[in-house]
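J.: Below, each chain spelled out in residue letters.
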Amino acid sequence: MENEEKKKAQDEKREASKSAMKVFDEMQNTSEMERIIKDNMIEFKCEGKLFRVKKPNGKDQDEVDGERRKKLTELMKDDSYLFRKQWIENYKAKGIDIKAMENELVVLQADTKVKLLKLATITEKNIVEDIKKEIEELRQKQYDLSMKITDYLGYCIESQLRIYTDSYTACVILEVKIEDDKDGKDSHWERYFKTYEQFQESSELELTSKTFYYFQYLMYGD
Amino acid sequence: MNIKILRKLARTSKYQLLYNNAKELKNLRLFYNDIDLTAVQILFLFWLGVYGSLYTDLAMNKKYLSEEVIEDDLRAEAYLVWSKEENKKDYKDSESKKTPVNDTGIPSVVFVSKKKK
Numbered sequence: 001m002e003n004e005e006k007k008k009a010q011d012e013k014r015e016a017s018k019s020a021m022k023v024f025d026e027m028q029n030t031s032e033m034e035r036i037i038k039d040n041m042i043e044f045k046c047e048g049k050l051f052r053v054k055k056p057n058g059k060d061q062d063e064v065d066g067e068r069r070k071k072l073t074e075l076m077k078d079d080s081y082l083f084r085k086q087w088i089e090n091y092k093a094k095g096i097d098i099k100a101m102e103n104e105l106v107v108l109q110a111d112t113k114v115k116l117l118k119l120a121t122i123t124e125k126n127i128v129e130d131i132k133k134e135i136e137e138l139r140q141k142q143y144d145l146s147m148k149i150t151d152y153l154g155y156c157i158e159s160q161l162r163i164y165t166d167s168y169t170a171c172v173i174l175e176v177k178i179e180d181d182k183d184g185k186d187s188h189w190e191r192y193f194k195t196y197e198q199f200q201e202s203s204e205l206e207l208t209s210k211t212f213y214y215f216q217y218l219m220y221g222d
Numbered sequence: 001m002n003i004k005i006l007r008k009l010a011r012t013s014k015y016q017l018l019y020n021n022a023k024e025l026k027n028l029r030l031f032y033n034d035i036d037l038t039a040v041q042i043l044f045l046f047w048l049g050v051y052g053s054l055y056t057d058l059a060m061n062k063k064y065l066s067e068e069v070i071e072d073d074l075r076a077e078a079y080l081v082w083s084k085e086e087n088k089k090d091y092k093d094s095e096s097k098k099t100p101v102n103d104t105g106i107p108s109v110v111f112v113s114k115k116k117k
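Protein chains in written order, with our numbering: chain A, 1 to 222; chain B, 1 to 117.
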């Protein structure tokens, strides 16, 4: 009996600490989000240095556009690279119908809308939860199918060009804070990777992954 | 990105108040930057607007809307889809009921075919 009570008390403690951790995580995530949205540049620390990613300015954008054009010319010269439309035709010849998958996505989207319209007019808790579950399942199906299409078309020129452009932009917008004197009163920001090759060859995995993480917020919002 | 957190922030009274007052007061700002907004800032502004209109609907006692619905991301989305459909229906109804009005002051021209003599 005493053991049972002890176990119950322990379980309660564990649950309480779990929910406290959840609240703490939520608070941390919320303040991190506030930090991200407050400006068009995001500062972060990595291995003792202070870095920032900033929204690309006109000059940065020109540099990225120039490189994008060069990359497109390079990809078009290479016969092993095909455009999205060509890949879709090739897949169809092999029995994989991407267009049909895309149509399926549209149907799933329409089904989701029907469920959403139903959800809006229901107030009974049980039914609400059931419809929410159905919508989440439909959304998961849409996500899985989109991922499948992305995988199939990952090598098309459009995808490759987007990956390259994103990567190049991330390289351009990463800056490091340089202290000009020992007191840290005077400082300036300068581009961390002087060339794209340096960025590609970099072994600073934590830095590059943090850069891409914040880059997503700046450029895509997701 | 955690869209849930972004939406949660957008519906807080702190940001709703800031958003509403920033429209009126020049010195009150939501962000450090006034121009060159990032994608996440634009998304945040979008959700601030959405939640602003939801709270307005709530104050007007709109059908199917409650604080509970606003707090629930999926139910809020469902309400927005439903509300959009209702507005479309209302617009169509009002358009079909409209009778052409000639308020230009210019006399209407009536074309009459000439009778054969």
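These are computed hints drawn from the structure, not numbers from a lab. We put the CB at the ideal spot given by N, CA and C, even for glycine. Be aware that one or more of the hints could be misleading.
Unchecked claim - Estimated spans, in silico, between C-beta atoms of each pair: (1) N126/A / E86/B: 21 to 27 Å; (2) Y32/B / F83/A: 26 to 32 Å; (3) L205/A / E24/B: 43 to 49 Å; (4) E24/B / F83/A: 47 to 53 Å; (5) K63/B / L205/A: 48 to 54 Å; (6) N90/A / K62/B: 29 to 35 Å.
Unchecked claim - On the chain A side, residues computed to face chain B include the following (Cβ under 10 Å): (7) M41; (8) A100; (9) I131.
J.: Could you run down the list of hints and mark each one as holding or not?
T.: Here is what the structure says about each hint:
1. Roughly 25 Å separates the CB atoms of N126/A and E86/B, a value that falls within the hinted 21 to 27 Å.
2. At about 41 Å, the CB distance of Y32/B to F83/A disagrees with the hint of 26 to 32 Å.
3. Taken as a hint, the range 43 to 49 Å holds for the pair L205/A and E24/B, whose Cβ atoms sit roughly 47 Å apart.
4. The supplied range of 47 to 53 Å is met by E24/B and F83/A, whose beta-carbon atoms lie about 50 Å from each other.
5. Between K63/B and L205/A, the C-beta spacing of about 53 Å keeps the proposed range 48 to 54 Å intact.
6. Under the hint 29 to 35 Å, the C-beta atoms of N90/A and K62/B, about 52 Å apart, miss the expected range.
7. About 8 Å separates the beta-carbon of M41/A from the nearest beta-carbon of chain B, less than 10 Å, and the hint is met.
8. Taken as an interface hint, A100/A does not check out: its beta carbon lies about 26 Å from the nearest beta carbon of chain B, beyond 10 Å.
9. With 10 Å as the threshold, the beta carbon of I131/A comes within range of chain B, its nearest partner Cβ sitting at about 8 Å, so the hint holds.
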